[in-house]
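Engineer: All chains should be built: construct the whole structure from the sequences, respecting the hints.
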Amino acid sequence: MRIQTLLLLLCLALLQFQAYAADRPPPAPGMVSTVPGADLWREVRQRDGMIIDGISQVKGVDTGVLINAQGDKWARFRINNPVKHAPTVIIAVVLVLLLFYVIRGKVGIEGGLSGRMVLRFTDFERILHWTLAIVFLFLAITGLVLLVGRPLLIPLFGKSAFSMLASASKESHNLFGPIFLVSLLMMLYSFARRNIYEKGDLTWLLKGGGFIGKGHVSGGFFNMGEKSWYWLVILVGLVISISGLILVSPNFGQGRVIMGISHVVHVLGAIILMAVSIGHMYMGSIGTEGSSEAMKSGYVDINWVEAHHDRWAKECHQKDQVISAEEFARLQGTSLDRANVEATEQAK
Amino acid sequence: MARMKFYCDAERCIECNACVTACKNENDIPWGVNRRRVVTIKDGEQGERSLSVACMHCSDAPCAAVCPVDCFYTTGDGIVLHDKDICIGCGYCFYACPFGAPQFPEEAAFASRGKMDKCTFCAGGPEVDNSSDEFKKYGRNRIAEGKLPLCAEMCSTKALLAGDSDVLSDIYRKRVINRGASAFDWGVSFDKAKLSG
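Heads up: the protein sequence lines correspond to chains B and H, in order. Residues in the first sequence are numbered from 1 upward in steps of one, following my numbering. Residues in the second sequence are numbered from 1 upward in steps of one, following my numbering.
Since the hints were derived computationally from the structure, they do not count as laboratory data. Treat the hints with care, since some could be wrong.
Per the computed footprint, the stretches of chain H lying under chain B, defined by three or more beta-carbons under 8 Å from a beta-carbon of chain B, are [claimed, not checked]:
| hint | stretch |
| --- | --- |
| 1 | 46 to 52 |
| 2 | 64 to 76 |
| 3 | 94 to 100 |
| 4 | 110 to 121 |
When the alpha-carbon atoms are kept at most 27 Å apart in a straight line, the in silico DSSO-like pairs for lysine-lysine are as follows [claimed, not checked]:
| hint | chain 1 | residue 1 | chain 2 | residue 2 |
| --- | --- | --- | --- | --- |
| 5 | B | K159 | H | K137 |
| 6 | H | K115 | H | K24 |
| 7 | B | K159 | H | K115 |
| 8 | H | K158 | H | K42 |
| 9 | B | K159 | H | K136 |
For each residue, glycine too, the CB sits at the ideal point set by N, CA and C.
Structural biologist: Right, here's the structure in full:
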């Protein structure tokens, strides 16, 4: 009897448990986070690049942006790339050209110079070239002061003196920048037609432009190398000018991201132009015999034309544009003896 | 040594802008320059938060790294200051700063910005402490008087804290412990989907 009662009680008890289990609600789903706004702060931190825009009662450029993650990236890029490598690139180009000059020497003209000249560049074209060149050099130097002045010049001048130099560089760089753009556009207008690539340019390129070996290469008024330099100046120059205009006028409300991108484009373009312009300066001065006269008086020796631009030489002869040495001296305003005419031709 | 930092408690900030006003008044800041600002995220929506932002006095400050004339310096307390006499107003520090702390007083032709101005943690600048020169250029030097920045002192809810980072961490940790999981925060006690059903 006792055991039965016990078993009955047990069954009743078990039944109770059973009932209790049926009534009990399912357990609540697990709570995601006890930190309020965790998702919000993850977005704000921008580890995946999204920029969170808020509002601020303080009005101004970008005041609603809480964190600008691009800023630090830009700063590190500037320090680790252009600042670190620009001096190396420029010095490397100078050394390579020096080496080239030592090994290959000045590219001479077969038969030497004759003294008979032909007009290549008008006064306007020469003045335009030199304006652009001098403005470019000024911009390059002031730009380099701002780019690499801190590691290279502060140890030399000290902070106060360098600050004055940097301030003057910044103001004059900003002033001459638009002048560069104007000169560039005028250069585009003056020389574009003569720089259009034509038949014969590819051959010039494939033959190495006559730099390698002593073979004669045909060229027009401008050879393919000159044309490529021209278009590089125009295109990269325009890129630099436009990014420079963006940088120099912050009053249009550009944010920091646009400024950072403009700055990177501006600096990289500038380094490219500086490096290749050193090559151009080499070619126009000591690289080839007879070339420098073109930008000094505007006239070039007919032998030089035959050697480097034979297709244009044909035109000069056809249009009877070759002048004698006496005529050239008269145009320069001196007599033949005192004129700056080189006549190294042996057969005369 | 102490390492001075700001900390803004987003749970307490009510966007009253007292910090902004206090800073502007105490340091006699000209028009257009905003050393401190309050940014509100998700304004009007659930989860709206406000934060008071000025210079964060970073240990590895990008502004100091990018300055072309190296006009920044860090004091022994970890406060990032700069020398206005050396500053050339190029704007690079403003591009680099993640918080937009550097400000410029002018907006003239050819990017003439004037000298950069920013939150100094009420620690003045390289001039002699509490001189009139220092006040004209950099504002009040409260740190030299043994006080803390006025923005944090004036904060109506004590959301903005300024001082030694160890002390700040302590204060905030106590706050977090005392808050626990807020019973009234949506994501914690209620499931959004069930509420509307």
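Engineer: All hints are to be evaluated individually against the structure, with a verdict given for each.
Structural biologist: Cross-check of the supplied hints:
no.	hint	verdict
1	46 to 52	holds (count 3)
2	64 to 76	holds (count 7)
3	94 to 100	holds (count 7)
4	110 to 121	holds (count 4)
5	B:K159 / H:K137	holds, 19 Å
6	H:K115 / H:K24	holds, 17 Å
7	B:K159 / H:K115	holds, 16 Å
8	H:K158 / H:K42	holds, 22 Å
9	B:K159 / H:K136	holds, 22 Å
Of the hints listed earlier, there is not a single one the structure fails to meet.
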